[in-house]
Amino acid sequence: MEYAKKSFREYLSAYDQTDDKIKLKRVHTFCVVDAADYISRHEKLSEEDHQLALLIALLHDIGRFEQLKVFHSYDDSQFDHASFGVKVLFEDNLIQNFIRTREYDDVIRQAIAWHSSYALPPIEDERTLLHCRLIRDADKLDNFRVKATETLEAHFDVSKEEVQRETVSPNILEAVRAHRCIRREERSTHLDMWISYLAFIFDLNFPSSFRYIQDHDYINHNIDRMEYQQEKTKENMEEIRKICNDFVLAGQCIFC
927 MEYAKKSFRE YLSAYDQTDD KIKLKRVHTF CVVDAADYIS RHEKLSEEDH
977 QLALLIALLH DIGRFEQLKV FHSYDDSQFD HASFGVKVLF EDNLIQNFIR
1027 TREYDDVIRQ AIAWHSSYAL PPIEDERTLL HCRLIRDADK LDNFRVKATE
1077 TLEAHFDVSK EEVQRETVSP NILEAVRAHR CIRREERSTH LDMWISYLAF
1127 IFDLNFPSSF RYIQDHDYIN HNIDRMEYQQ EKTKENMEEI RKICNDFVLA
1177 GQCIFC
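Numbering (the working numbering), first residue to last: 927 to 1182.
These are calculated hints, taken from the structure and not from any lab test.
Any given hint could turn out to be false.
Stated by the list, open to error - Only pairs whose alpha carbons sit at most 25 Å apart, straight line, appear in this in silico PhoX-like list of lysine-lysine:
#, residue 1, residue 2
1, Lys1073, Lys947
2, Lys932, Lys949
3, Lys932, Lys951
4, Lys1160, Lys1073
5, Lys1013, Lys1086
6, Lys970, Lys1073
7, Lys1160, Lys947
With the sequences and hints as input, model every part of the structure.
What follows is the structure, encoded as structure tokens:
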């Protein structure tokens, strides 16, 4: 990992280190490495898979930096950062700068290619499936950290007051009741967007991921970041709180 981190920092040197979005993604990358470390240790992975999980976490968003340089946006409809990351690593052969052996290329390629997709496709190879699930969980865990620490204005590009006046769209509430993640095109309001981040819990794969969410109290913290102005919205958010907290508690007992 020290070899890989050195190469990663060299790769980042081509980008504007004073750009706030670049800085955010740099911090995010290393926090996802920490989250992958947490999951790997708690799920008692072999040392080989533990190290592979850390490497995938380090490289999972390598395509973001070019996306931000060109578009200054995280919008994957303009630029698919996961696909570009795969291109940089495996078509441009940058992967050799991070790991000398080619033994793990297919696992790394698939984990990065699918890390930000709505859902995983069928994957038969057990090790590949393990790492695809692990990077998706680690990425989501740090997304909760970002949502808990960054200003609401940074997330929405509108004021906190405006979001607090919004309502929960019926289809969004139904998605939470059905315990499923929310697609971008389903969201109508900024508040819908905020709830879609909470709904990431419905795609978590490991008991330790749920434990991480509970230990940091992210569901309650992120719901309580706003003072909802409409009574119906308050009722909806309390229902969402209960559904999410109950799901997180039950998730810790997966495979028990």
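Cross-check of the supplied hints:
no. : hint              : result
1   : Lys1073 / Lys947  : holds (14 Å)
2   : Lys932 / Lys949   : holds (17 Å)
3   : Lys932 / Lys951   : holds (17 Å)
4   : Lys1160 / Lys1073 : holds (20 Å)
5   : Lys1013 / Lys1086 : violated (38 Å)
6   : Lys970 / Lys1073  : violated (28 Å)
7   : Lys1160 / Lys947  : violated (32 Å)
Hints 5, 6 and 7 from the earlier list are contradicted by this structure; the remaining hints agree with it.
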